[in-house]
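Protein sequences, first through last, are from chains A and B. Heads up, the first sequence is in our numbering, so the first residue is 536 and it goes up one at a time. Heads up, the second sequence is in our numbering, so the first residue is 232 and it goes up one at a time.
FYI, nobody ran anything at the bench for these hints, they're computed from the structure. Where hints are given, some of them may not hold.
Distance condition first, Cα-Cα at most 16 angstroms in a straight line; then the derived EDC-like pairs of lysine to aspartate or glutamate [to be verified]:
| # | chain 1 | residue 1 | chain 2 | residue 2 |
| --- | --- | --- | --- | --- |
| 1 | B | K360 | B | D411 |
| 2 | B | K513 | A | D662 |
| 3 | B | K505 | B | E523 |
| 4 | A | K764 | A | E813 |
| 5 | B | K513 | A | D661 |
| 6 | B | K250 | A | D539 |
| 7 | B | K360 | B | E349 |
| 8 | A | K609 | A | D556 |
| 9 | A | K609 | A | D572 |
| 10 | B | K505 | A | D662 |
| 11 | B | K250 | A | E547 |
| 12 | A | K764 | A | D556 |
| 13 | B | K505 | A | D675 |
| 14 | A | K609 | A | D638 |
| 15 | A | K776 | A | D816 |
| 16 | B | K513 | B | E474 |
| 17 | B | K318 | B | E474 |
| 18 | B | K250 | A | D556 |
| 19 | A | K764 | A | D732 |
| 20 | B | K505 | B | E527 |
| 21 | B | K422 | B | E474 |
| 22 | A | K764 | A | E808 |
| 23 | B | K505 | A | D661 |
| 24 | B | K360 | B | D415 |
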Amino acid sequence: MDHDPLAARLRELGWPRPAADQPAPSAGQLWRAAWGDVAMLVVVLAEPQGRRTAAVAASHEPVGDDSALVVSTKQGLSPVVWSGIRASIGLFTLDQRLGDLDDNSLGALRRAVGGQRPRLWAAISDDLDDRTLIAANLVDRLSSLAEAEWLPNKVVGEPLGSLVRQAGIAPSVLGRALGITPGEARRLMNGTRQPSDRELELITRLVGGRPAANIAFDEKLVEDLDQPKFRPRLRLYAAQKSLPDEAAVRRNVAGAVLAMAARHRQPGRRNWEALISEVLDEG
Amino acid sequence: MCGTVAPVPGIREQVAAGKIDDCFLDVARRAARRASLSRPTPTGGRWTDEEVEDLVLDTVARVGPDKVVLAAAGAASDAEFCSWLAKALRTSLDLRARGTPTGRVIRSVDGALGDAPERFDLTNGHWHKRGDPRAPEWAEGPAALVQAAWAVTTATVTLVKTSTKTWHRVSRHDIQSVADAVLDFAGPLPKVVLAEVVAARFNVAFIERLGYDEADRLPDAEDRVAIIDTEDTARWMFEQLTEGERRLLASRAAGVPVRAIAAEKDVKKNQVEKLSRRLDNKVLRLADQIGEGAVEATALLIRILGQEESARHSSYEDEGDPDGP
Chain A
536 MDHDPLAARL RELGWPRPAA DQPAPSAGQL WRAAWGDVAM LVVVLAEPQG RRTAAVAASH
596 EPVGDDSALV VSTKQGLSPV VWSGIRASIG LFTLDQRLGD LDDNSLGALR RAVGGQRPRL
656 WAAISDDLDD RTLIAANLVD RLSSLAEAEW LPNKVVGEPL GSLVRQAGIA PSVLGRALGI
716 TPGEARRLMN GTRQPSDREL ELITRLVGGR PAANIAFDEK LVEDLDQPKF RPRLRLYAAQ
776 KSLPDEAAVR RNVAGAVLAM AARHRQPGRR NWEALISEVL DEG
Chain B
232 MCGTVAPVPG IREQVAAGKI DDCFLDVARR AARRASLSRP TPTGGRWTDE EVEDLVLDTV
292 ARVGPDKVVL AAAGAASDAE FCSWLAKALR TSLDLRARGT PTGRVIRSVD GALGDAPERF
352 DLTNGHWHKR GDPRAPEWAE GPAALVQAAW AVTTATVTLV KTSTKTWHRV SRHDIQSVAD
412 AVLDFAGPLP KVVLAEVVAA RFNVAFIERL GYDEADRLPD AEDRVAIIDT EDTARWMFEQ
472 LTEGERRLLA SRAAGVPVRA IAAEKDVKKN QVEKLSRRLD NKVLRLADQI GEGAVEATAL
532 LIRILGQEES ARHSSYEDEG DPDGP
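In isolation and in its complexed conformation, chain A is listed as follows (with noise of 0.2 angstroms):
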C-alpha cells in the first residue's frame, strides 16, 4: 500500500483519528451503537444511570431539521446530531467510541437538548418533505436500540424449581436426568443458572410444563457485563462457541460466571469484571 499512488493521494486528504476504543461511556462522547441487525451513530447525553444511558441519534448525512446541529469532536470528525430524536439505550449497544465532542459542541447540543433549537435547517413540516425519511430512518434505528435487551424475557409461569418440587424430584434425580451435577441442578432450580435449550426441553418433559424463565443473574454482574470494554472479548468468545448471537453469548457468559461465583465459598462481595474476565479468557 505505501507505493500505491491511489494511497498516497488519499492520505493527502487529510483523514481523522477515531479513537476507536470501548471506555466508560460519559456525557459528551460519539459512539457507534449496534445490536443485533442494526447500527447507527449516537452521542452519549449524561453519565450513565445504572444499565442504560441517555443518547441523541447522529448522521453522517449533511442535512437535518431545525434541532440538528453539526457538532466537532477532538479526533477530526463533524456528524450532524438530530437533537430532537434521542432515547435511553442500553449501554451493551455502546460499540466503539468515534471520538469526544469539543467544548463549544457540547454546550450547543446541550442547548439544543434544552429546547434551543439551532435551526441550521428548516423544521420539517410537510409529510413529502423527503427529511422525513431520512429522520424516520433514525427514529426507527434508536428505538431498536432503546428496545434492546438480552436479559431472557420474563415468562408468565411456574418458577423452575417450584415445578420440579411440586413433581417431586429431588436435585439428584434432575442432575441424572439432564446429566449435570446434582450442585447444578440445584443452582437451576434456585435460578441461579439458566438452562440451555436442550435441559429446558427434558425439564419440560419431567415436569409435565414449560417452567418461566427465571433465571435472575445478580444485577451488578448484569451492569458490569454491559459494559462496552467487554463487547470485543464476547465477540471472540461467541466466535469460540459458535453461538448464534450476542444475547445468548451474554446470557451464556452470565451462567457461566455464576457457576464460577458459586464455587467460591468466601463469602463477601464478588468482583464480577475479574470473574467475567475468567470466563472469557477461559472460552
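Start from chain A and add chain B according to the hints.
Chain B in isolation, oriented as in the chain A frame:
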C-alpha cells in the same frame, strides 16, 4: 452483494477505525469501475485506471474523509457501507455530468420566473416580485425561507434530472408559486439563495440519497416525444417516488401485508404505516395534478410494480428460499 461490488469482510470496521488500507482501495477501485460502466469517460474512449482513481479521489474529497469514516461507523454491515460508497461514487458521476445541483436549479428557477415577467423581475442578480419596493435585506439564513416555501402546496415533489417536456410545465408553475411565497416573505433575494430554497423545497438534495431515478423499468417511450399518454404519465409518477417508496408501493400492490413488509425491510410496522400514509398522500397529490388520465396512469404504475413484486416473490418460492428476498 452490496449493490455494486461484493463487500470485503472487515472493510467497514477498518474504515470506521480510520484505516484506509489495501482492502478499502480494492473495494473503492472496483466500485468506481462498476459505477463508471456505461458512463462517458472524462476524455472519451475507455476509462483508464487513472480516471477510475480520480473518481475515487474526487468522491472522497467531495463528501469529506470524516464522512467516509462516519458512514462506515454508522453502517450495520460491510454490505451497507459498500452500498453507501457505491451511491457516493454514482453521485459524483451525476454531478460531473450535469454541473452542480445548484447550477441546475438556478437554471430551472431562471427559466420558470423568466416565463412570468408580469410577476417577477431580475435586478442586479436578485429576483423580486414585480412592484415590490423593498431593497434586498434578507440576512437570516435559508431556514425560515425553506419553511415559507413548504407552506405552498405543489404537485411537484422532487425536481428529478429527467423532467420531460410535458411535465416541465408542472414544475415551472410550482416553482413560480414557491418563489412567489418566498419573495413575498423575504423581499428581493440573490439568485443563488432562491435556488437553494427551491432545491430544498423540491428535495433536489435527496435525489441520489433516496434513490430517485429515471423510469428505466417502465415501458420505453423515448420515441414518443411530447405525447401525453398513460405510459409517459406513469413514467413521470415513477420518477417522483424514491426507491424505497417504489418498493413499498410494489409490495402493497402485490398484496403483501404491512407486517410482512416491515419484516422484509427490517423496519418497524409503525414506520411502514407512516411511510404508507406519506406514499398515499404523494400519489394522491400527483394524481390530482395530472387530472385526466390519472386513474389509468396510477393503475399502470401499480400494475407494473405489483407484477414485478409478485414475480420476485414467486422466483424466491421457486428457488426454495424460505426467507424470501
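Self-check item: Hints violated by the structure (listed by number, smallest first)
Solution: Result: hints 3, 9, 19, 20 and 21 break, sorted rising.
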